[in-house]
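A.B. asks: Based on the hints, put chain B in the right spot on chain A.
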Amino acid sequence: DTAVSQTPKYLVTQMGNDKSIKCEQNLGHDTMYWYKQDSKKFLKIMFSYNNKELIINETVPNRFSPKSPDKAHLNLHINSLELGDSAVYFCASSRRTGGQNTGELFFGEGSRLTVL
Amino acid sequence: EDQVTQSPEALRLQEGESSSLNCSYTVSGLRGLFWYRQDPGKGPEFLFTLYSAGEEKEKERLKATLTKKESFLHITAPKPEDSATYLCAVYRAGTALIFGKGTTLSVSS
Numbered sequence: 001d002t003a004v005s006q007t008p009k010y011l012v013t014q015m016g017n018d019k020s021i022k023c024e025q026n027l028g029h030d031t032m033y034w035y036k037q038d039s040k041k042f043l044k045i046m047f048s049y050n051n052k053e054l055i056i057n058e059t060v061p062n063r064f065s066p067k068s069p070d071k072a073h074l075n076l077h078i079n080s081l082e083l084g085d086s087a088v089y090f091c092a093s094s095r096r097t098g099g100q101n102t103g104e105l106f107f108g109e110g111s112r113l114t115v116l
Numbered sequence: 001e002d003q004v005t006q007s008p009e010a011l012r013l014q015e016g017e018s019s020s021l022n023c024s025y026t027v028s029g030l031r032g033l034f035w036y037r038q039d040p041g042k043g044p045e046f047l048f049t050l051y052s053a054g055e056e057k058e059k060e061r062l063k064a065t066l067t068k069k070e071s072f073l074h075i076t077a078p079k080p081e082d083s084a085t086y087l088c089a090v091y092r093a094g095t096a097l098i099f100g101k102g103t104t105l106s107v108s109s
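Respectively, the protein sequence lines represent chains A and B.
Residue numbers for the first sequence follow the numbering used here, so the first one is 1 and each next one is one higher.
Residue numbers for the second sequence follow the numbering used here, so the first one is 1 and each next one is one higher.
Next up, chain A with everything else stripped away, as it sits in the complex (with noise of 0.2 Å):
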């Protein structure tokens, strides 16, 4: 049974067009995130959620739109897609412990989206 499960796995599409990725965990955790991670791997946190609330937007433009409907769920809506948003997502999820987040993430095996 799969903890952080993310659909689709791959997406190819035109620029110009609008793509969601749906990200789901059955960890019973709290907190929930998005990462970026480019053509030469570095992973980069884009929005944290904690308990469908947004505690985390790294100045991830205003195309990108997460939407978390229970803290089990967590979405990316990319409206007008452009090249250089290629690159794999991925979701993660992550407990609390004394108010705080702790860093052991859990991932999901990712999103590759390719925008032609």
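Mixed in with the good hints there might be a few duds.
[Said to hold, decoys possible] A few chain B residues facing chain A, derived, Cβ under 7 Å: (1) Lys42; (2) Pro44; (3) Tyr91; (4) Leu97.
Hint data in this document are derived by calculation from the structure and do not stem from the laboratory.
Remember, it's a predicted structure, so these values are computed and weren't measured experimentally.
Backbone N, C-alpha and C define an ideal beta-carbon position, used for all residues, glycine too.
C.D. replies: Positioned in the frame of chain A, the structure of chain B alone reads:
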């Protein structure tokens, strides 16, 4: 500004040839330093957390150590299945994990 720098970028070893990976960091109010392993086509997988200088953690052929400015991941007698990208990350309150660019390890038999 928080920074995490890993070296070398890539490391090739023969099976059984021990070595170390380096992670140097600059962060105020460090709440923990983390090591992850990432296999091709997979998400990163947690290995270790280190909280204070002098702390050490071990798992099979891997040993992580921490000083006030850097961490080392020592690999003793590696096997081909240890081949992966090893990521170092730091955490301070109010942020998410900040990752380094990783060291890609290849172990040949």
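A.B. asks: Work down the list of hints and note, for each, if the structure agrees.
C.D. replies: Verification of the hints:
1. Lys42: holds (6 Å)
2. Pro44: Interface hint status for Pro44 (chain B): holds (5 Å vs cutoff 7 Å).
3. Tyr91: Holds, about 4 Å.
4. Leu97: holds (5 Å)
Hint violations for this structure: none, all hints satisfied.
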